[in-house]
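Asks: Below are the chains, spelled out letter by letter.
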Amino acid sequence: MWAAALEGFYSLFELSSIIYLIIGAFLGLLFGIMPGLGGPTVLALLIPITFGMDPAQAIILLTAAMGAVPFGGSITAILLNTPGTPQNVATTFDGYPLARQGKAGMALGAAATASALGAVFGVIVLLLLIPVARSVVLAFSYPDYFLLAFLGLTVIAVVSQGELFKALIATGLGLMISFIGYDPEGIIRFTNDNPYLTEGISLVSVIIGVFAIAEMIELYVQGGGSVVQSGTLSKTTGVMSGVVSVFKNFGLFIRSSVIGTVIGVIPGVGGVVANFLAYMQAKQTVKDEKFGTGDIRGVIAPESANNAKDGGSLVPTVAFGIPGSSEMAVLLGAFILHGIEPGPKLMIQHVDILYALIFALVAANIVVSVIGLLFANQFTKLTLVPIRILAPLVFAISAMGALATHGYFIDLILAFIFGVLGYFMKKYGYSRIALVIALVLGTLAETAFYQTKQALGLSAFVTQPLSLTLIGVIILVLAWPFIQNRKSKRGVR
Amino acid sequence: MNIKAKDIFAILIVMFIGSMVFFAFQYPPQARALPIYVGAITIFLLVIQLLMDTVPYFGKRLAFLKHTEIQFIKVDMNEGSKQEDKEEDSKRTSKEIRIIIWLLFLGILLYFLDYVLAIALFLLLFLRIEAKAKWLTNLLVTILFTGGIYLLFRIALKFIMI
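Residue numbers (our numbering), protein chains in the order written: chain E, 1 to 493; chain Z, 1 to 162.
Simulated from the structure, these hints should not be mistaken for lab results.
Just so it is clear, the structure is predicted and the values come from calculations on it, not from any experiment.
A virtual CB, placed ideally from N, CA and C, is assigned to each residue, including glycine.
Fair warning: there could be bad hints in the mix.
Simulated coverage check for chain E against chain Z, where a stretch passes if three residues somewhere in it have a Cβ under 8 Å from a Cβ of chain Z [said to hold, decoys possible]:
no. : segment
1   : 172-182
2   : 187-197
3   : 276-283
4   : 394-406
5   : 409-420
Derived DSS-like pairs (lysine-lysine); straight-line CA-CA distance at most 30 Å [to be verified]:
no. : chain 1 : residue 1 : chain 2 : residue 2
6   : E       : LYS426    : Z       : LYS158
7   : E       : LYS290    : Z       : LYS132
8   : Z       : LYS86     : E       : LYS427
9   : Z       : LYS134    : Z       : LYS4
Assemble the whole structure, with the sequences as input and the hints as a guide.
Replies: What follows is the structure in structure tokens.
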């Protein structure tokens, strides 16, 4: 095993591997930055190019691209409140306020460091988990999936920034939108006979709309000069302070990375949930009222979880051929196209490729974070572009991002509708984040609930140890603000 | 009763969710249960929100549901600032309408023209008419941005609209 690991490690230092790694990381960064073009797109684009390549090098190129996407997405999330990928949404909560305060460099520094270290953490867990992967993955059943989705919905209670009543309304709206399309039994609902809507509303269009377009409308209507409110970027709180902040909050980083890895291991839950849960955990543990209005810990938590998740997602992908995320599903396709069968055989027949993949993931994250740190100051200049110039560019790139998702014009219409809706939601105090969380988790929760009811009966929620543990976590999460409040009141007395 | 723009927004959401609940009744029990429950609860919350915002009696009685950090109804304002706010509001509304028209225009261009051409035309017109940018800036931004779109979507992704 160790000999194969060393072989995989050394294969990264071949010139061709280094070149593929850098190309992959650069492309991943670019596709992460572009709203609507995430990991699956860059992988789908690269797969045909890899046909003539050696399988190990092809996997290095693809893994590097996949690993670089989350950090690329965080750049626009921080600078423009436009998450490049859905899994960067929580990064906007504190990243963008920091950019508006002129601390974009600090936020980018923290995001780059947390991303790289998060990926390393995820991969270490992956290496440790490979021998026991089967039992970990199979431990999760239908009720646990439902409870995980429910746990995600509780995030709304802590990210609503006090406007809990309106956040609940936004949650209801998000859940209602998530009901559009097939229900778990295959019945088509609320589509008005439009075949496009049978698969549900495109999440990419919603995210582009409520974040990118809505934010640009808001900035344009406000009539400010640029994204940075103060007009000048802070020089004292630069990139290095962001890097240092990750080490200063190492406990938070570890907790967030653990969340990311665990969520990654569970197939189908995805990076969005990891992102939100890590943010929620940070909000619960950080005793600071300013959290949510530009706190560096609000960047560290979701970014660590985002990248740690990739290591976790590889566990079911390589161990059983069950994709842990949409990126992994495309990567799985690439494995098969190159004659590599994922699952137990991979660990026996192509163990060198397995380790090349693992080390490429770490290397890609380090490369892309170094690029991020080196060019962070250049990236931050984007926040100084006048809004009147920036707004039409964001509208145009958002339109192209929405169109490129499936190539349907209706995706563009939806992005514009959600853009206007998002603007008015922000204007009248309804949480856009709650809407997105509910939309993401609504389908997952409904499906898992239905499957539990059909396969195990509703009693399964309270008879299985893992479900009971998750119920306990949910109660703790919901009760935590009250406990803290009581503690602080006692402290005042 | 004092109905404002935010109340009209809430009424529109009630109508949207209400129509979904209405249509949900035509589906089998398993498929309609959650939409009806969630829809009914959301409409109930919206009605309370509307009552709080439009009827002062409810606003006072249910004040504990409102959050104090973000105040949308400003109080203790003198007439002068009210006048200024009205002017500011009308400016904002005018900008909101203009930007929505520009988005519609971009959509129409993308529907009828090739996307590279549509983006170029949108940028040229927006930057000139709305942003009042200088011709040099206008051309430079349009050419560079459209070039990037062309390289990425046409050359690299070979993207075709369906």
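Asks: Please go over all the hints and tell whether each is borne out by the structure.
Replies: Each hint tested on the structure:
For a cut-off of 8 Å, the count of residues in the segment 172-182 of chain E with a CB near a CB of chain Z stands at 5, and the three-residue condition holds. Using a Cβ-Cβ cut-off of 8 Å, 3 residues of the segment 187-197 of chain E lie near chain Z, which meets the minimum of three, so the contact claim holds. A count of 0 residues in the segment 276-283 of chain E with a Cβ less than 8 Å from any Cβ of chain Z is obtained; the coverage claim is therefore unmet, three being the minimum. Remark: the segment 394-406 of chain E is confirmed as covered by chain Z, as 8 of its residues place a Cβ nearer than 8 Å to a Cβ of that chain, reaching the required three.
Closer than 8 Å: that is the beta-carbon criterion, and the segment 409-420 of chain E has 6 residues meeting it against chain Z, so the requirement of 3 holds. A distance of roughly 36 Å separates the Cα atoms of E/LYS426 and Z/LYS158; the hinted pair therefore is violated under the 30 Å criterion. Pair hint E/LYS290 plus Z/LYS132 does not hold up; C-alpha atoms about 38 Å apart against a cutoff of 30 Å. Note on Z/LYS86 and E/LYS427: the hinted pairing holds, with a Cα-Cα distance of about 16 Å set against a maximum of 30 Å.
A distance of roughly 39 Å separates the Cα atoms of Z/LYS134 and Z/LYS4; the hinted pair therefore is violated under the 30 Å criterion.
Violated hints for the displayed structure, listed by number in ascending order: 3, 6, 7 and 9.
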